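Chains P and E are the protein sequences, given in the same order. Per numbering that gives the first Met the number 0, residue 0 is the first one in the first sequence, and the count goes up by one each step. Per numbering that gives the first Met the number 0, residue 0 is the first one in the second sequence, and the count goes up by one each step.
Just so you know, the hints here were simulated from the structure itself, not pulled from any lab data. If you're wondering where the values come from, they're calculated on a predicted model, not measured in any experiment. Just so you know, not all the hints are guaranteed correct.
Copies of the same chain are indistinguishable here, so a pair counts whether it falls within one copy or spans any two.
Said to hold, decoys possible - Derived pair list, reagent style BS3-like, types lysine-lysine, alpha-carbon separation capped at 30 Å:
{"no.": "1", "residue 1": "Lys31", "residue 2": "Lys50"}
{"no.": "2", "residue 1": "Lys50", "residue 2": "Lys66"}
{"no.": "3", "residue 1": "Lys50", "residue 2": "Lys3"}
There are 2 protein chains.
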Amino acid sequence: MIQKLTSAERTAQMARLHGWQTVAERDAIQRKFEFADFNAAFGFMTRVAIKAQEMDHHPEWFNVYNKVDITLSTHEADGVTARDIELASFIDSITA
Amino acid sequence: MIQKLTSAERTAQMARLHGWQTVAERDAIQRKFEFADFNAAFGFMTRVAIKAQEMDHHPEWFNVYNKVDITLSTHEADGVTARDIELASFIDSITA
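Could you build the full structure based on these sequences and the hints that come with them?
Put into structure tokens, the structure is as follows:
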């Protein structure tokens, strides 16, 4: 059973990410992306989808045209875990 | 310049669609989908994305795991147009 990160672990892990913010109302992290157009946005989503499936850990996300908003949280732990950090880190790596 | 459907046109067109509802706060239509799993949901999204790009008319959508919520509206017309009905109709055809 995966555990929520402690406050200290989370602060340390978040510092290694780029542009991710904690969500006000719930234990989750979020980042907003903007691409050149829909093709670029959906291409990005496809790369994230393949990684998510490989990890068996899936994002909550919203897309309209060139914008993608991603929220990460771990359902089983009811909060942010190392899995969310790993997926966020992958996402950062393909948008650097 | 594409025009918003009149109330009568919209009623007639909506009757040909399956499960689409008007959105309360704005001039848009929405349908919620549920699939077997993420693979099925994202596969569906990919088919819609390719059609949307071909039409140059893109959805607003939210996905988490096996759920996809789609909202359609035409930005240039500030409301529902024949383009939204066409895309909704395609979406219906691949989820029949």
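If the cutoff is 30 Å on CA atoms, where do lysine 31 and lysine 50 land: within, between, both or neither? Let me know, please. both (18 Å within a copy, 25 Å between copies)
- Task: Up to 30 Å between alpha-carbons, please classify lysine 50 paired with lysine 3: within, between, both or neither.
- Result: within (21 Å within a copy, 40 Å between copies)
Margin query: If the cut is 30 Å between Cα atoms, do lysine 50 and lysine 66 qualify within a copy, between copies, both or neither?
Written below: For lysine 50 and lysine 66, the Cα distance is within 30 Å both inside one copy (20 Å) and across copies (18 Å).
The structure meets every hint from the earlier list without exception.
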